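Novice: The primary structure of each chain is shown beneath.
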Amino acid sequence: MSAIGPLDRPCIEPEAKPMQYAILCYHDEKVTCAWSKEHDDAVMAKLGAVMGKLERQGKLGPVARLLPTTAATTLRKDREPPLVIDGPFAETKEQLLGFYIVDCANLDEALAITKELGQANPGGAYEIRPVGVFFPGKAAS
Amino acid sequence: MNDNGWISAVLASARPQAVAALLRQFRNLDAAEEAYQEACLRALKSWPRNGPPRDAAAWLIMVGKNAAIDTVRRQSRMQPLPADEQISDLTDAEAAAAEQIDEADYRDDILRLLFVCCHPELPATQQIALALRIVSGLTVEQIARAFLVSDAAMEQRITRAKARVAAANVPFETPGPIERSERLGVVAAMIYLVFNEGYTINGAEQGVRAPLCNEAIRLARLLLRLFPAEPEIMGLMALILLQHARSPARLDDNGAAVLLQDQDRALWDQRLIAEGLALIDKAVRHGRPGPYQVQAAIAALHARAVRPEDTDWAQIDLLYGTLERMAPSPVVSLNRAVAVSKVQGPAAALAMIEPLSAKLGGYFYFHGARGAFLKQLGRSEEARIEFDRAIALANTPAEAAHIRLELDRLADGGGTPGSKQKPEKISG
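Read top to bottom, the protein sequences are chains A and D.
Numbering-wise (this note's numbering), the first sequence opens with residue 395 and increments by one.
Numbering-wise (this note's numbering), the second sequence opens with residue 766 and increments by one.
Just chain D, with the same shape it has in the complex:
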């Protein structure tokens, strides 16, 4: 960090709270962002000289509001402004008088800001882009790079998203309990979307996308600090941490995906695992299970297994069964089939996924899993056909590389029966 590195760190951590309060003030994303930017510029001038304010967010909110009002005055009356020094001294004094703001006091503001970014009217790609721009403060260039699109295309995507949000007229009143809980669910889904966008295995591009995972973790922490007693938010945080802990082991040196059971578990980040396990432990005490908690519990069982053969597959099968009832989806059933193949064998797993072919026929993981089950049953020719289909449907080079490895093993005489499974989309 350079001499003023601490300022960027403080500005970044105060950003969601400050922008959220300014959004309530101005009821317009662009105006809130501009006011925040102006406050940051003044902070860069004032803080090195005067030291950091006691409450950075309160300072930025106050200064941002005043700066915006100054602008309005300037535009409407064209009056000469007082000298810049005078303005900052004035605003500093006002900000110092402001009581230190507890994050919890701004709970509904921050939730609204997050909710605005993932408004149901927005397609998923716009939700993620908007949240990263507005809440996380990533630049358009940074987001464009993570999404592998041009700066101009990303700029346009964000502009469109803002226009839709403005047209959607999100209410600014304090939400009631039902509204708040609905918003919380939508925001949690958006954060998991950001995480998955970064977590999707894509070989050489992995480094470029990694910031998305870190941003998702930051957003989840923010949400959990605001709602410390919501077991599903604890579950979401635990799920993300437990999955992210495995990141260092998920790609081999050639950029091919490494299956959970083949990963070098010594590379897993034990600090993230400890935090994830503590959170799921805390969540379960509430006795209010939900899909994030169940998925986190599955990830926790993998994290607790020192060796792959220590994995409690029977428990994982049960948890996927629970998840099938809570949030039915063919992808969940497909994941459950992997656990079933471990507990009851590949024949049972194959029978279980047959009915899914209509819905998952165009899904990479379906053919990868079916190929693996067939291979374990010694039906090599059918397995080869499935693996070929999987390669044709692979979303990323890393996925294709992994399946090619399976095909090579088939060509070598069937590989090692029972040792290969498909990557798990949900817990993998």
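So here's chain A without its partners, still in its complex pose:
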């Protein structure tokens, strides 16, 4: 087996493209919405310190803080035409599989984009939630 030298082995160390992970944030909105501005700012500052470190390490991709679910609209695309519902996605039989971030002039434009995506991939639903805070990040992709 001497013919198979180190070069024939798959190289998994430094050159390998790192796996990207999405970290999804869950909490009780009734609690977080009741935070005082001071408490909220303090939490954001603590998170900012962690994010700053990740950013310096080149590990941080985009970060978004979403506005409360009361600002959400849901498009059910399991029927034709799709159904627009006020409020967040509330079913438990479907799972979160991905997300887009799009720049739109208003909710109408966001809904038009969502409907187009829905035509490309019917079934399930999209929840459209305005983004409150956005850091583009600079992780190598």
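When the alpha-carbon atoms are kept at most 25 angstroms apart in a straight line, the in silico SDA-like pairs for lysine to any residue are as follows:
| hint | chain 1 | residue 1 | chain 2 | residue 2 |
| --- | --- | --- | --- | --- |
| 1 | A | LYS440 | D | ALA1039 |
| 2 | A | LYS440 | D | SER778 |
| 3 | A | LYS440 | D | GLY770 |
| 4 | D | LYS810 | D | SER778 |
| 5 | A | LYS431 | D | ARG1036 |
These are calculated hints, taken from the structure and not from any lab test.
These numbers were taken from a predicted model, which means no experiment stands behind them.
Take the given structure of chain A and dock chain D to it, following the hints.
Specialist: Below, chain D without anything else, positioned relative to chain A:
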């Protein structure tokens, strides 16, 4: 937060739902409150040891009900009770069996609780006090402080309000659609009242009243979660958020009111503005306009203007015109006159408010606005008289301080024509 800070946060957020369900059970505000208090005491004992329940509201409702039944038994039969440990273990097991409660399932309970607090038989001051005590869970001392009255006076106000509610016999059946929509309107008005009570500019007391604005926002969020597809509730939430966003810029260092156009817009809270704009955007899609949506749309136009001169006054004039038709009031017409002065000039605005003098003669803002229009027209002497009247009618030191500033500018030679307007009561 201390070690058990999370418990207070969870208890506070579960409170409206728990008290609402207990009110349906006991049909009496005092009994519901006592049962809730007892459940909270047991939570403070049990949760640090056992961890938080999966559904805090369901736990509190179950434990509160059982605690109240225990009390009744104790009083009627004087039987020895099982040890406290045994009771909590029993109730914990029952609560765990309870299905997680969706807020929407308790929609009519919470709406009833809110509605009971703002029953039409209650004067506005009692409505606000009762809602803050029962729904928000503020202590009598906290509410008394916000209203600048003694604890004893506030205690009495709340006791009277409870007695009136009990006498009013609010029905406990599930309301029909018309009844529900009527209740929703009354509750929305009460929440806006709570907000305005906190938002009224009153200088040094501002810090004391700020909690009222935060409570109003919490109540509006609660209502909107229960009725996510009601455009007027979206409008109410948007209106409150957009106005509250300007709070940091509304007073100068001396505690005088700062007009919208003189405010440092960098101090406006952009996160609240983003949420408000998203909600009004969402509401408008329904094509069912109402007074809250129109007022929120006006506030949104101010929020969108990066500089005061970017403000779309023509659109604001149109929106006030719409509001005049939906909810006619001389105060709305007065606000519209400010937009008219920007679009057509002070002469048109002055002519527009003349017919209002009979109704608004005792109103601070009327004389402030009239003074400002006269000043812009160079009629300084008449302006001075109007400003003097305004000071005499000022509700708060901050309002008076602002008008005194106007008078100083007049004394300095007329100030800067066209740069001063009255504060807007509705969108200011």
